[in-house]
Amino acid sequence: MLAFIARRLGLLIPTFFGVTLLTFALIRMIPGDPVEVMMGERRVDPVLHAQAMERLGLNKPLYAQYFDYIGQLAQGNLGESLRTRTSVWSEFTTLFPATLELALAALLFAGSLGLIAGVVAALKRGSLFDHGVMGISLAGYSMPIFWWGLLLIMFFSVWLGWTPVSGRIDLLYDIPPVTGFMLIDTLLADEPGAFVDALHHLILPAIVLGTIPLAVIARMTRSAMLEVLREDYVRTARAKGLSPARVVFVHGLRNALIPVLTVFGLQVGALLAGAVLTETIFSWPGIGKWLIESIGARDYPVVQNGILLIACLVILVNFVVDILYGLANPRIRHQR
Amino acid sequence: MSLLDIKNLSVRFGDVTAVPVVDGLDLSVAKGEVLAIVGESGSGKSVTMMALMGLIDAPGIVSADSLQFDGTDMLRLKGRQRRHIVGKDLSMIFQDPMTSLNPSFTVGYQIEEVLHQHMGLKGQAARQRALQLLDRVEIPAAASRLNAYPHQLSGGMSQRVAIAMAIAAEPKLLIADEPTTALDVTIQAQIMELLVGLQREQDMGLVLITHDLAVVAETAQRVCVMYAGQAVEIGHVPQLFDAPTHPYTEALLKAIPEHSQGQRRLTTLPGIVPGRYDRPQGCLLSPRCPYVQARCHQQRPPLDAHERGAARCFYPLNLTAEVA
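Those protein sequence lines, which keep their order, are chains A and B. Just so you know, this note's numbering puts 18 at position 28 of the first sequence, and the rest follows in order with no gaps. Just so you know, this note's numbering puts 58 at position 54 of the second sequence, and the rest follows in order with no gaps.
Because the hints were derived from the structure by calculation, they are not lab data. Don't take every hint at face value.
[As the list claims (entries may be wrong)] As a list, the in silico DSS-like pairs of lysine-lysine whose alpha-carbon atoms are at most 30 Å apart: (1) K176(B) to K126(B); (2) K176(B) to K114(A); (3) K114(A) to K82(B); (4) K92(B) to K176(B).
[What the hints assert, rightly or not] Derived contacts from chain B toward chain A, CB cut-off under 8 Å, selection only: (5) L59; (6) R87; (7) K92; (8) F98; (9) D100; (10) T103; (11) S104; (12) P107; (13) S108; (14) V118; (15) Q121; (16) H155.
This one's a predicted model, so the numbers in the text were calculated from it and none came from an experiment. Using N, Cα and C, we set each Cβ at its ideal position, and we do this for glycine too.
Start from the sequences and build out the full structure, keeping to the hints where you can.
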């Protein structure tokens, strides 16, 4: 197990450098530079422009800029935003809980509903329910997030008025940030009204963000479950006189979960990518919205390091999933 | 009274008009008796026992006049009542031990599950009993095997665990569905020895589904020979081997390789088992039978009792008095 972890950690190093190189290159490929964007429509005085670029260290050759960047990272310094002059790390840590709250809510929604729908569809294979679930999940998977989000806003927020259109909480409430999780902070602040309001704000974006993972998990669970239910050991479990619920959920699902877990891990990456769009649609003050704005402003340090932090997070989650995978599957755990 | 009494069991897949996989089968097993069911693949041996266990799912259709087991008609039982019997008084071990154990749970867990379900044993008591069972099925270092996962065991070891699971609740009837087919020859003998030992010790009925006639000769008291879903001959062990009364049984015995020693080719029965679309109108064996007569092509013979058992043949062999 230790060797397994060490090998996985070793693989992280090239991944890490790949990400830095990619973000560094990609943001610079977009036309314009931070100074131009800050100056806006006005014609930029070439002298002032050159001075500003020099001050930011952006006049150096690209390789030198890259080495500066890596050198900075090596010291654990993520730099500061060109716009706000606050450190990227502190901006990230302030905004990240909002994204995490949204992503966790979306995962909870996708995971619970997807598992149930997948298991039931597998048990009732070929039924109307099965075809319904598979059809809807294919539609859900193919749905562009931004369009789906707008559709839900129009229906639930505008026509039915059930949920708010945007934001995390109503402006009426002033909740001191303790954990950064609005649902927890409202409870800590002992404001039940605010809690309900925050929940209302969370539901729609969580559904929008969770739709694709939901579809993927439902389909994966169904096919894994169908495969497992045909296995000899499921017949053995039935021959033991165990209840159908125990046969399906203990002997079946336990084995079907192994491939589903992998997909679950992969979806975390998709989820953070989806968060960028979802947060923009719902004006959710998280890192997705932050990154979009930073790209618009060519805020190089924020874009580079923000994406780097997200990439690290995705790598970390997949790493954890790999370990969980070993825990869930004894055949992998005992491999040397 | 017999422990198991199956009357007119039929199993179909699809709808009631489909060709039956098991076709009007009558079978009984007495308490403490070893009955072997032999026949080639697809003759309905396993399906018969799966039907008894309630393991046939849609689109399978099970019909019978009765499936009496230990005074209860298994056919009329529903869900929960059936599960009080299945796995407890009536248990089964399967052909491939490597896939019959759940890879995600330890051996101990899977045995204790039966003890919990049917004997109400929990915790340390269940663990102790599981350990005894592993000892009983002659697994070396049983204590350390309790925490092993199935993939860490060999095939023979896995089958021993499966047997431990099946006998955990002290069944009255154990069904062994080709228990040694997937194992090495040396292990086969050990497993058979174990099964027979357990059968004698606990005085349980044993239904042995097998291809191996040598095993039948050594262990069973009675044999049921199946062909294309029907019982074609039922007889007692030494007699049936010495003087089979059904042409198919005779052909099976002749096909044992040892009987063809010195010949260039092994003796076989030409042709194949009739399938769904080429079932003969008369006796199902008629296209392949070396003794076939005109009547065999027109009528299906019933399973008629004779002096040494029963045969589904108009012209049974090796009988002193003609039964016709």
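Status of the hints after comparison with the structure:
Pair hint K176(B) plus K126(B) holds up; C-alpha atoms about 23 Å apart against a cutoff of 30 Å. For the given pair, K176(B) sits about 35 Å from K114(A) by alpha-carbon distance, which is inconsistent with the 30 Å threshold. Restraint check: the Cα-Cα separation between K114(A) and K82(B) comes to about 20 Å, which is no more than 30 Å; the hinted pair holds. Proposed proximity of K92(B) and K176(B) is supported: the alpha carbons are some 8 Å apart, at most 30 Å.
A cut of 8 Å between beta carbons decides the hint on L59(B): the least distance to chain A is about 6 Å, and the hint holds. Residue-level restraint check for R87(B) holds (minimum Cβ-Cβ distance to chain A is 4 Å; threshold 8 Å). Evaluation of the K92(B) hint against chain A yields a held restraint, the C-beta minimum of about 6 Å falling below 8 Å. For F98(B), the interface hint holds, the least distance from its beta-carbon to any beta-carbon of chain A being 6 Å, beneath 8 Å.
Look at D100(B): its Cβ gets to within about 6 Å of chain A, closer than 8 Å, so that hint holds up. Hint status for T103(B) relative to chain A: holds, with the closest Cβ pair at about 4 Å, below 8 Å. For S104(B), the shortest C-beta to C-beta distance to chain A is roughly 5 Å, which falls under 8 Å, so the interface hint holds. This hint holds: P107(B) has a C-beta 6 Å from the nearest C-beta of chain A, less than the 8 Å allowed.
Interface hint status for S108(B): upheld, as the beta-carbon distance to the closest one in chain A is roughly 5 Å, under 8 Å. Hint status for V118(B): holds, given a least beta-carbon distance of 5 Å to chain A, under 8 Å. Against a cut-off of 8 Å between C-beta atoms, the interface hint on Q121(B) holds, since the closest Cβ of chain A lies about 6 Å away. The beta carbon of H155(B) is positioned within 8 Å of a beta carbon in chain A (closest approach about 5 Å), and the interface hint is therefore held.
Taken one by one, the earlier hints fail for this structure only at number 2.
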